[in-house]
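**Q** Here is how the chains run, residue by residue.
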Amino acid sequence: KQEVTQIPAALSVPEGENLVLNCSFTDSAIYNLQWFRQDPGKGLTSLLLIQSSQREQTSGRLNASLDKSSGRSTLYIAASQPGDSATYLCAVRGVSNYQLIWGAGTKLIIKP
Amino acid sequence: GAVVSQHPSRVICKSGTSVKIECRSLDFQATTMFWYRQFPKKSLMLMATSNEGSKATYEQGVEKDKFLINHASLTLSTLTVTSAHPEDSSFYICSADFSGTSGIHDFETQYFGPGTRLLVL
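Residue numbers (the working numbering), protein chains in the order written: chain Y, 1 to 112; chain G, 1 to 121.
Calculated directly from the structure, the hints in this document are not laboratory data.
Any given hint could turn out to be false.
Straight-line distance between alpha carbons at most 16 Å, and here's what the computed EDC-like set of lysine to aspartate or glutamate pairs gives [unchecked claim]:
1. G:Lys-42 to Y:Asp-39
2. G:Lys-20 to G:Asp-88
3. Y:Lys-1 to G:Asp-88
4. Y:Lys-68 to Y:Asp-39
5. G:Lys-41 to Y:Glu-17
6. G:Lys-14 to G:Glu-63
7. G:Lys-14 to G:Asp-88
8. G:Lys-42 to Y:Glu-17
9. G:Lys-55 to G:Asp-65
10. G:Lys-66 to G:Glu-52
11. Y:Lys-107 to Y:Asp-39
12. Y:Lys-111 to Y:Glu-3
Example chain G residues on the side facing chain Y (calculated, C-beta under 10 Å, incomplete) [said to hold, decoys possible]:
13. Gln-6
14. Lys-20
15. Phe-34
16. Leu-44
17. Tyr-111
18. Phe-112
Far from chain G, some chain Y residues (derived; all Cβ distances over 12 Å) [unchecked claim]:
19. Val-4
20. Thr-5
21. Pro-14
22. Glu-17
23. Asn-22
24. Asp-27
25. Ala-29
26. Asn-32
27. Gln-34
28. Arg-55
29. Glu-56
30. Ala-91
Glycine residues also receive a C-beta, built at the ideal position from the N, C-alpha and C atoms.
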C-alpha cells in the first residue's frame, strides 16, 4: 500500500531564502507525482507534475525533482516571497489506477 | 484552464439534518469525479469515485448510506451528508478528471474545486 510522507510538517523562513520541501513515497511504481499548493480554507492549485520517466520539472521559481528508485521528490523554491506562504502537498498516482495518494503537507510561512 | 466549482463554499447545520454539496465542471465534461475529505493538518482522504451514470465506488471505511453521491450528468456530481453529526464537520473537496473532447481520459490531470467547509452543530 502506497504511503506518502512529507517532511517537515511546518517550516518558517525569512523572505528571500531558498528552501526545499521533501516528499517520500514507499512504492516506486508510480505513474506520476504532483505538487500542489493549498491556501487556508481554499482548494488546491497544481504547481508541477512530474511523469515517472522524468527527473525534474521547472516553473518559474519552482523546481521539482523526482528520484523514483529512492522514493523521493523535492520541491525547491527560490527567492521565497511572503506570497509563497501556503500548505504544499505532494501526491503520487499509481500505475494500476488513477487515484492520487496524498502526503499530509508542509505548512510554509515566509516572514517579511 | 479547466474550472471546477463547489457550492456552497461554507455551510453550518444542525445535527441530524442533511446537507447537499454540489461539484460542477464548468467548461468541460467529466465522466469521473472524486470526493475528498480533509481533516485539519491532515492529508486529503479519498472518499469515493463518482462515475457519470453509475454507482459511486466508495473507499474502505466510508459509509455509502451516510455519504450519498449522485453523478447525474457529465458536469455535476453531488455529495449528500445524511443525518449529519458534529464528527462529520470537515473540509470536503471534489475534483474532476478532464476527459477532453476526444473522450480519452487524461489521467494526468485532476481539476479541483475550491472546497466546502461543513460545520455541524
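**Q** Indicate, hint by hint, whether the structure satisfies it.
**A** Structure-based check of all given hints:
1. Restraint check: the Cα-Cα separation between Lys-42 of chain G and Asp-39 of chain Y comes to about 14 Å, which is no more than 16 Å; the hinted pair holds.
2. Between the alpha carbons of Lys-20 of chain G and Asp-88 of chain G the distance comes to roughly 13 Å, so the proposed pair stays at or under 16 Å and holds.
3. The straight-line distance between the Cα atoms of Lys-1 of chain Y and Asp-88 of chain G is roughly 26 Å, outside the 16 Å bound, and the hint therefore fails.
4. Between Lys-68 of chain Y and Asp-39 of chain Y, the direct Cα distance comes to roughly 28 Å. Violation of the 16 Å bound is thereby established for this hinted pair.
5. For the given pair, Lys-41 of chain G sits about 25 Å from Glu-17 of chain Y by alpha-carbon distance, which is inconsistent with the 16 Å threshold.
6. At most 16 Å may separate the alpha-carbon atoms for a hinted pair to count; Lys-14 of chain G and Glu-63 of chain G exceed this at roughly 20 Å.
7. Under the criterion of a C-alpha separation no larger than 16 Å, the hint pairing Lys-14 of chain G with Asp-88 of chain G is consistent with the structure, at around 11 Å.
8. Restraint check for Lys-42 of chain G and Glu-17 of chain Y: not satisfied, since their Cα atoms lie roughly 27 Å apart, outside the 16 Å limit.
9. Restraint check for Lys-55 of chain G and Asp-65 of chain G: the C-alpha separation of about 12 Å stays at or below 16 Å, so the hint holds.
10. Taking the CA atoms of Lys-66 of chain G and Glu-52 of chain G, the gap is near 20 Å; set against the 16 Å cutoff, the hint is violated.
11. For the proposed pair Lys-107 of chain Y and Asp-39 of chain Y, the alpha carbon gap of about 10 Å is at most 16 Å, so the pair holds.
12. As the CA atoms of Lys-111 of chain Y and Glu-3 of chain Y are separated by approximately 31 Å, the hinted pair breaks the 16 Å bound.
13. About 8 Å separates the beta-carbon of Gln-6 of chain G from the nearest beta-carbon of chain Y, less than 10 Å, and the hint is met.
14. The beta carbon of Lys-20 of chain G is not positioned within 10 Å of any beta carbon in chain Y (closest approach about 19 Å), and the interface hint is therefore violated.
15. At its closest, the beta carbon of Phe-34 of chain G sits 8 Å from a beta carbon of chain Y; the interface hint therefore holds under the 10 Å criterion.
16. Given hint, Leu-44 of chain G at the interface with chain Y, holds; its Cβ is 5 Å from that chain's nearest Cβ, closer than 10 Å.
17. Against a cut-off of 10 Å between C-beta atoms, the interface hint on Tyr-111 of chain G holds, since the closest Cβ of chain Y lies about 8 Å away.
18. Hint on Phe-112 of chain G holds. Least Cβ distance to chain Y is approximately 4 Å, under the 10 Å limit.
19. Not every beta carbon of chain G lies more than 12 Å from that of Val-4 of chain Y, the smallest distance being close to 7 Å; the non-interface claim is violated.
20. Some Cβ of chain G comes within 12 Å of the Cβ of Thr-5 of chain Y; the nearest lies about 10 Å off, and the non-interface call is violated.
21. Under the 12 Å C-beta cut-off, the non-interface status given to Pro-14 of chain Y relative to chain G holds; the minimum distance is some 24 Å.
22. The claim that Glu-17 of chain Y lies off the interface holds: its Cβ sits roughly 24 Å from the closest Cβ of chain G, which is beyond the 12 Å cut-off.
23. Every CB of chain G lies more than 12 Å from the CB of Asn-22 of chain Y, the least distance being 15 Å, so the non-interface label holds.
24. The beta carbon of Asp-27 of chain Y is kept farther than 12 Å from every beta carbon of chain G, the shortest such distance being approximately 16 Å.
25. The claim that Ala-29 of chain Y is not at the interface with chain G holds, since no C-beta of that chain comes within 12 Å of its own (minimum 15 Å).
26. For Asn-32 of chain Y, the shortest C-beta to C-beta distance to chain G comes to about 6 Å, within the 12 Å cut-off, and the non-interface label is violated.
27. Once the 12 Å rule is applied to beta carbons, Gln-34 of chain Y is inconsistent with being away from chain G; the minimum gap is 9 Å.
28. Distance check for Arg-55 of chain Y against chain G: the nearest CB is about 17 Å away, which clears 12 Å, and the non-interface claim stands.
29. Interface exclusion of Glu-56 of chain Y from chain G stands, the closest Cβ pair being 17 Å apart, more than 12 Å.
30. Distance to chain G contradicts Ala-91 of chain Y as a non-interface residue, since its nearest Cβ pair spans about 8 Å, not more than 12 Å.
Violated hints, in rising order: 3, 4, 5, 6, 8, 10, 12, 14, 19, 20, 26, 27 and 30; the structure is consistent with all others.
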